[in-house]
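Colleague: Residue-level listing of the chains:
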Amino acid sequence: MIETIYIEKKIKNHPRTKFILKKFKKARVLEIDKYAEIFNKRNQNFRIQKANPNLILAHKNDGFVLPAPEGFGIGSSENFYFSHMYNCIYDCRYCFLQGMFSSANYVIFVNFEDFDTSIKNVINKNINSKITFFSGYDCDSLALENVTGFAKHILPLFQQYPEVDIEFRTKSIQREPFMSIEPMKNVIMAYSLMPDLMSSSLDNKVPSISKRIQVISDLALRGWKIGLRFDPLIHGEDWKSLYENLLEKVYNSIPLESIHSVSVGPLRFPKKMFKDILKLYPDEPLFTSPLASSKGVVSYDEKIEEEMSSFCKTLTLKYLDNSQIFRCYA
Amino acid sequence: MIKSNFLKKTSVRWVVALKEEAEVILDYYKMVLVNEKTLYPIYKNVEETHWLTLSGIGRHNSAASTSYLYTISKASKWTSWINVGIAGSGKGDYGNIYLVDKIFNQNANITYPATMPKSNLSKMTLLTTDIPITDYSSKELIDMEGSAFFDIASKLTTKEFICIMKIVSDGPSNDIKQLNKLKIIQLVKSNLSKISKVISYYEKLSENENQIRAKPYIFYKISSNWHFSVTQRTQLENLLRRLRVFCGNDDIMELIKQCENSSFVINALNNKIKGNKVDWSDV
Numbered sequence: 001m002i003e004t005i006y007i008e009k010k011i012k013n014h015p016r017t018k019f020i021l022k023k024f025k026k027a028r029v030l031e032i033d034k035y036a037e038i039f040n041k042r043n044q045n046f047r048i049q050k051a052n053p054n055l056i057l058a059h060k061n062d063g064f065v066l067p068a069p070e071g072f073g074i075g076s077s078e079n080f081y082f083s084h085m086y087n088c089i090y091d092c093r094y095c096f097l098q099g100m101f102s103s104a105n106y107v108i109f110v111n112f113e114d115f116d117t118s119i120k121n122v123i124n125k126n127i128n129s130k131i132t133f134f135s136g137y138d139c140d141s142l143a144l145e146n147v148t149g150f151a152k153h154i155l156p157l158f159q160q161y162p163e164v165d166i167e168f169r170t171k172s173i174q175r176e177p178f179m180s181i182e183p184m185k186n187v188i189m190a191y192s193l194m195p196d197l198m199s200s201s202l203d204n205k206v207p208s209i210s211k212r213i214q215v216i217s218d219l220a221l222r223g224w225k226i227g228l229r230f231d232p233l234i235h236g237e238d239w240k241s242l243y244e245n246l247l248e249k250v251y252n253s254i255p256l257e258s259i260h261s262v263s264v265g266p267l268r269f270p271k272k273m274f275k276d277i278l279k280l281y282p283d284e285p286l287f288t289s290p291l292a293s294s295k296g297v298v299s300y301d302e303k304i305e306e307e308m309s310s311f312c313k314t315l316t317l318k319y320l321d322n323s324q325i326f327r328c329y330a
Numbered sequence: 001m002i003k004s005n006f007l008k009k010t011s012v013r014w015v016v017a018l019k020e021e022a023e024v025i026l027d028y029y030k031m032v033l034v035n036e037k038t039l040y041p042i043y044k045n046v047e048e049t050h051w052l053t054l055s056g057i058g059r060h061n062s063a064a065s066t067s068y069l070y071t072i073s074k075a076s077k078w079t080s081w082i083n084v085g086i087a088g089s090g091k092g093d094y095g096n097i098y099l100v101d102k103i104f105n106q107n108a109n110i111t112y113p114a115t116m117p118k119s120n121l122s123k124m125t126l127l128t129t130d131i132p133i134t135d136y137s138s139k140e141l142i143d144m145e146g147s148a149f150f151d152i153a154s155k156l157t158t159k160e161f162i163c164i165m166k167i168v169s170d171g172p173s174n175d176i177k178q179l180n181k182l183k184i185i186q187l188v189k190s191n192l193s194k195i196s197k198v199i200s201y202y203e204k205l206s207e208n209e210n211q212i213r214a215k216p217y218i219f220y221k222i223s224s225n226w227h228f229s230v231t232q233r234t235q236l237e238n239l240l241r242r243l244r245v246f247c248g249n250d251d252i253m254e255l256i257k258q259c260e261n262s263s264f265v266i267n268a269l270n271n272k273i274k275g276n277k278v279d280w281s282d283v
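So the protein sequences, as listed, match chains A and B. Under our numbering, the first sequence has 143 at position 143, and the numbering climbs by one with no breaks. Under our numbering, the second sequence has 162 at position 162, and the numbering climbs by one with no breaks.
For the record, the hints were derived by calculation from the structure and aren't laboratory data. A couple of the hints might just be wrong.
[As the list claims (entries may be wrong)] Selected chain A positions facing chain B (Cβ under 10 angstroms, derived; list incomplete): (1) 38; (2) 65; (3) 116; (4) 235; (5) 281.
C-beta atoms are modelled at their ideal positions from N, C-alpha and C, and glycine is treated no differently.
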């Protein structure tokens, strides 16, 4: 439950602000000048805040669309991302958002129309390239869809550009607006997955793997293209049989022709971020894994990474074509 | 063992302007005067988990006494800081206690304290002034210390560990001139159960954080047996935090007992981590 909503004065009368406020009738509302005066203050405890986050409604001024980090793509030559929100309602122990912001409060930027303008500009500037946009790099793209309505807002824009792909990456089981509209060929519904045993320990507050697979199956049957993101790959006892069971279950639950792409990605933290996250959660079993620091990055050693990626790729090749499989290094 | 019990201790520091506001609290938490010759009067309980200072009136006093208490009581970074006192109000009900979640002062600085989650207490905005004001119109709460207390406490801990509570003592229908020592004591007394409920949350918060942040007990033992550089001490601490999740202290000591120097210790611990396979069915 959201107890307090901070609203930038500039957008207090914005229709989307009013729409969102209607969802939280009991919340205390405080006006602020700029979201940064709450969100960016250094003297905040992320872990304590994460237990009861508040909501900040803000106006984004710039940086609507940014180039995706290298190694994040799924086949296009130009990759961009945009985030209508900062932070996530889930609490995954491997997530970089734990060390990204000093606050665990959620920020929703209500000026969606400015995202539209920037997206169109980027498309026009890259008219001769194959482009993919990723929604929700700094958040889960659909987890708060019933509050923000962002996907519902942005989909019609991409209807105008059928040659441009957009990926919604999520761990949610949000079905709308997708079940109510005609599937679009340039939309990829991408789901992050890991074996149930690992997920139940690491994916806090996240719908179970079987629920996610059910939604993937429903959306696939409805005609939406599916992305499967085995990212990050988590090591541990029996990892091979755990991943084998997961992959077999997934590939046998959804129509293979609906799968747009599969990506596998190693577990990686920037060194400073790892230190911060370890301080927040020192008793986390994940951090007892054989992670080591090299060149400013904390990860499993290359041998483990390679073995896990190859294993998942080999299994996937039983069902899909090599051209559909990507390695994510971002 | 003694050290680990000490580290688990709760830690609360109170900054209260007037003796009348503090009296009931001092009594309830069994705090007594530490020494009559301190710059600001300081009280503490026997366990040294609760400390309180009487700041006197005004922002300067509040800021100075908060810093003073921090130094005298050797408060940790995970100490909870509490400011409780009476306040004027144009909107609140006389005798009611409120949590403060926004503070203005006359320099137009605005700050946003966090408040304890899931509390039944209502929240209000506080105006901290340098001179007493009786124009209560449109002001939720008015005091003379809150903003300075929050500014200083924010430098000592994160905002989740700071709490400001105000009891409405005067307003448009309750003349400030009618306020006396007995009435102030009574106002605090009638809110004591609510105050103690809030405080138990902050006690637990600091206790938990102290426990999470404390260096593993075995760190002290190992660092006294071998000489570690500053960088190595950080490495050692991080490795021990990770190892203690799946490895007992005796096993760790056994692992490193033959090590000739600190580098060998670090290597041995690193190798132990490298060889670990998390059993996800057991976490």
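Colleague: Which earlier hints can't be squared with this structure?
Modeller: Of the numbered hints, 2 and 3 do not hold.
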